[in-house]
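Undergrad: Single-letter residue listing:
2 protein chains.
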Amino acid sequence: MSRFFSKKYSGLEPYVPGEQPSDMSRYIKLNTNESPFPPSPKALAYAAQNTRPQNLYSDPESALLTKALADTYGVKPRMVLATNGSDEILNFAFMAFCDEDNPALFADITYGFYPVFAGLNAVPYELIPLREDFSLCVDDYFGKKGTVFIANPNAPTGMPLPVSEIRRLLEADRNRIVVVDEAYVDFGTESSVGLVKEFDNLLVCQTFSKSRSFAGGRLGYGIACEALIADLNTIKYSTNPYNVNSMTSALGIGILTDGEYTRANCRTIMENREFTVRGLEALGFRVLPSGANFIFASSDRIEGGEYYRSLKDRGILVRHFDKERISNWCRITIGTKESMQALLDTTRTLLEEKR
Amino acid sequence: MSRFFSKKYSGLEPYVPGEQPSDMSRYIKLNTNESPFPPSPKALAYAAQNTRPQNLYSDPESALLTKALADTYGVKPRMVLATNGSDEILNFAFMAFCDEDNPALFADITYGFYPVFAGLNAVPYELIPLREDFSLCVDDYFGKKGTVFIANPNAPTGMPLPVSEIRRLLEADRNRIVVVDEAYVDFGTESSVGLVKEFDNLLVCQTFSKSRSFAGGRLGYGIACEALIADLNTIKYSTNPYNVNSMTSALGIGILTDGEYTRANCRTIMENREFTVRGLEALGFRVLPSGANFIFASSDRIEGGEYYRSLKDRGILVRHFDKERISNWCRITIGTKESMQALLDTTRTLLEEKR
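So the sequences go chain by chain: A and B.
First residue of the first sequence? That's 1 in this note's numbering, and the numbers climb one at a time after it.
First residue of the second sequence? That's 1 in this note's numbering, and the numbers climb one at a time after it.
Chain A extracted, bound-state conformation (with noise of 0.2 Å):
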């Protein structure tokens, strides 16, 4: 830290990314909930003949991006906020929605970037303990005063709340905002969209990173009655008027054109999740139920600091938190069936290395 470092981050501890690593050949990567497949071809030749002149400034108001995305889930442009990535809505959500008298509430164990947004906000926040099972019970948050941030599927667990509960926790409280963060909701989890033109009081947060191909060109988007996305762009203006570039915005639109292959890709991947979590079942390892393109299994066989060390060693990157109630967990990228092959064969291979 310079001796210019303004005292009000002394305490901010920056998140964390996933590893990685420069040599991405060397490993089978399921670290970070990457899809692995590439963007849609009729999306890459969208974008090649529709990206603007990249001499000029990108559309601030992202126009045609936004209206693809506002026909997509059937409401109008005003409702939704495309941004540089689903960090960039979610932060201004932050911002926007919480402050010293309105502080944030989320899981113990949820997206490990919450509680660093309300470290650089100066927001105060309160961890609502997920039950034993990892289950998160929305009564746990009725009569407390703050902006719920709720991961929905959760992560790392993957598991979903069925939109019904959403729905209560909205309904107990509508004089403040609940955000539900859908990163990981095109796998099998109900999504809380069709919700926004009910409650004034939802924010749902999406990403072209997981299950349409893009984390590599940044978008994600916020949907929410005008009202919030008004207030949202006016912490967007204030923060970054250009925050989307042309060639992302493009590609974006082109992904959307293809719903098909998005949901094709999507199948694909729930079919891996099954055929990964019989074999781990098989081999002993506990998975929670998912709705999401990765799972959260443990093993009393082996440690799960040790079975994310292992995996390395043997060139499969998976992801280890070091958190009180989930050190023994390891979060498990769904890829293609020939990697999650190659995962359970080095899981089978560890496991009888150890008797």
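Think of the hints as simulated: they come from the structure by calculation, not from any bench.
Quick caveat: nothing in here was measured; it's all calculated off a predicted structure.
From the three backbone atoms N, C-alpha and C, an ideal C-beta is built for every residue, glycine too.
Wrong hints could be hidden among the right ones.
[Claimed, not checked] Residues on chain B that point at chain A, a partial pick, calculated with CB under 7 Å:
hint, residue
1, Ser10
2, Pro14
3, Tyr57
4, Ala215
5, Gly217
[Stated by the list, open to error] Listed next, the stretches of chain B that the computed footprint assigns to chain A, with coverage defined by at least 3 CB atoms under 8 Å from CB atoms of chain A:
hint, segment
6, 34 to 43
7, 84 to 96
8, 199 to 209
Chain A is fixed; fit chain B onto it per the hints.
TA: Okay, now just chain B, sitting in the frame of chain A:
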């Protein structure tokens, strides 16, 4: 504003970007200081071959791009931070190096985003008036406590400050930061990058949006001593770790490998600038000395707002700021020779019609 919007932003006035007309073909666009030339063909070819697969996250360290920038400027990679446009590095600087005890100091006439960043971050600021002739005198900053932001060349005036003056400002108080915003430096203004090894209180910000014809890609960067860049990285990893997308990163590297293309375009723009200045002066305009890819011009024969509106009616977009001291001026981006000829011809016609 929704009932949920945090009180802390109730007075926030967002930045207003220059007009981006949806039907751009209707206008000669001289209002947002873009380059009239496309990015280097060699850069596009490089990016086509070297963009990381889109399904994977972009490199959070932007290591290859950072190294290419470091090599370009003869500094270490740890002295460089790439960002999503230079607005992002400027905002990070307001976050990291200003607070209640450490106000921001900047000119009354300068980049209009500085007061917005100050408002966003609850940072007090003091406006230091430019001299009567719009020149900036660094002595006016001596003895004042706070972090200094200087656009060099300044916007919207275009007036450059020699490095010897920046040096004098840095030496006068080594216990405060000076941020030199060099968005337009490549058009004949001296850069202060050479001072970063000598002064640990200097941050230089630059962009690919102007001389490098890549406004659509959103790529900016800061260069400073390692300790300051480390502070800014703490902010980045708490805000948006994957802030630069993979396509922009690859194209940025490609652009740096073809420096001669950039330099040739800058020479052309500077020639067109001299051509435009001579033409406007012949029509009785006053034009400030410019070290940028735009000029700031006024005339006693046509009021600034009227000149802007009349040009727009005739298909030429320039930028007018309805603001004290400069409401009689227009900022005119330097484009191709043909565009500037059209500006001069239209201006002559306007003046003749007013007789």
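Undergrad: Each hint should be assessed against the structure and marked as holding or not.
TA: Here's how the hints hold up against the structure:
Interface hint at B:Ser10: violated, since its Cβ lies 10 Å from the closest Cβ of chain A, which is beyond the 7 Å cut-off. Taken as an interface hint, B:Pro14 checks out: its beta carbon lies about 3 Å from the nearest beta carbon of chain A, inside 7 Å. A distance limit of 7 Å between C-beta atoms decides the matter here; for B:Tyr57 the minimum to chain A is near 4 Å, and the interface restraint holds. Hint status for B:Ala215: holds, given a least beta-carbon distance of 4 Å to chain A, under 7 Å.
Here the hint on B:Gly217 is kept, as its CB sits about 5 Å from the closest CB of chain A, short of 7 Å. Check result for the segment 34 to 43 of chain B against chain A: holds, 6 residues qualifying (beta carbon to beta carbon below 8 Å, three or more required). Three residues within the 8 Å Cβ limit are the bar, and the segment 84 to 96 of chain B against chain A gives 7, so the coverage statement holds. Only residues whose beta carbon comes within less than 8 Å of a beta carbon in chain A count, and the segment 199 to 209 of chain B has 3; three or more means the coverage holds.
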